[in-house]
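Keeping their order, the protein sequence lines are chains A and B.
Mapping of the first sequence onto the numbering used here: position 36 corresponds to residue 50, and the numbering continues sequentially without gaps.
Mapping of the second sequence onto the numbering used here: position 44 corresponds to residue 643, and the numbering continues sequentially without gaps.
Don't read these hints as lab results, they were simulated from the structure.
All C-beta atoms in this analysis are idealised placements derived from N, C-alpha and C, irrespective of residue type, glycine included.
Among these hints, one or two may not hold up.
As the list claims (entries may be wrong) - Computed footprint of chain A on chain B; a stretch qualifies when at least three of its residues, placed anywhere within it, have a C-beta under 8 Å from a C-beta of chain A: (1) 637-649; (2) 659-673; (3) 698-711.
Stated by the list, open to error - Derived contacts from chain A toward chain B, CB cut-off under 7 Å, selection only: (4) ALA32; (5) TYR34; (6) ALA59; (7) VAL62; (8) ILE71; (9) ILE90.
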Amino acid sequence: MSKNPDAATHDEHRPNVALYVKVFAALMALTLITVAISKIHLPPAQAVSLGLFVALIKAALVAALFMHLWGENKLIHKALWVTVGLGAALILPIIDFVLISGQHTSRADVANQHPPGHAEPATEGH
Amino acid sequence: MSQTYDPAAIMNNPDTHSGVTNAKLGVWLFLASEIMLFATLFTSYIVLRMASTSWPWGWDVLNVPLATVNTVVLIGSSMTIVMAYARAYDKDKGGFQKWMAATILLSLAFLVIKGFEYGPKFAAGIGPHTSVFYAIYFTMTGLHAIHIVGGIAVNAGLLYMSTVDGHWKNPLFLGRVEGAGLYWHFVDIVWIFLFPALYLL
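Isolated chain A (complex conformation) (with noise of 0.2 Å):
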């Protein structure tokens, strides 16, 4: 607990301009790379993992920065560590069905799954 009345009463961040507009020219340059890195044609797995790479350190760079969390209150942080532990709960378990899914879902598995000629029966309206 802040024991200065003024500091606490005024704690919004001092703003810090010329390193904003190095931000944004940071931005800028990070968006023409990750068009760049789409036009390039590099195997999916590796397009999808260098994209979002790029994507986490725009983002970083904003909420850091702009967003003054680099420097932010304790309490701030550990409400968004909540947050994050509670993303990743939503989205690691899903880590194991996208690394099996290539496997059950490709047009061949499809294909070896319904063979042609062993079609199912047509489920019947109500």
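With chain A's structure known, arrange chain B on it following the hints.
Chain B alone, transformed into the frame defined by chain A:
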């Protein structure tokens, strides 16, 4: 027994045993709930994409140049709103109004460009019903656009309030600008992930 009630003292009261004002803590908790909302949608996107036997490449079916321009516009608006905050911090009313007006104009430009993107799709009979890809595309970009509209309303409200001395000189005003800025940067971050996920990869 009468008691004096000072909303500024309550809202700006840092005594949450942490030094954070109630207003800022409230904005961050709201953003935390928004993170969960969009995380759910991104999870759905991953599941739908991975389970699909085919998935179109954004360059083939979407207008990537327009979306790239929109990315630049939205990042530009993040810059202008942080400049508006800097001007409000320095009690420069004219500067604040100039940068906040620029933020609103860029936000409106984003929606107009989005309209140019949606228009030909709807004209061609393409909508959320067309395919799984378009269902997730319209859901995510549409929800994001609704957030843009909400941000414009808040920012326009702050621009108006800055013209009223009672609001401009209110000790709460800077915190309100900071809260609006936090929301706007969050909307920018969502787009930073939407753009490559839907349009590029």
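Tested hints:
no., hint, verdict
1, 637-649, "holds (count 7)"
2, 659-673, "holds (count 4)"
3, 698-711, "violated (count 0)"
4, ALA32, "violated (11 Å)"
5, TYR34, "holds (5 Å)"
6, ALA59, "violated (10 Å)"
7, VAL62, "holds (5 Å)"
8, ILE71, "violated (10 Å)"
9, ILE90, "holds (5 Å)"
Checked against the numbered hints given earlier, this structure breaks hints 3, 4, 6 and 8; the rest are met.
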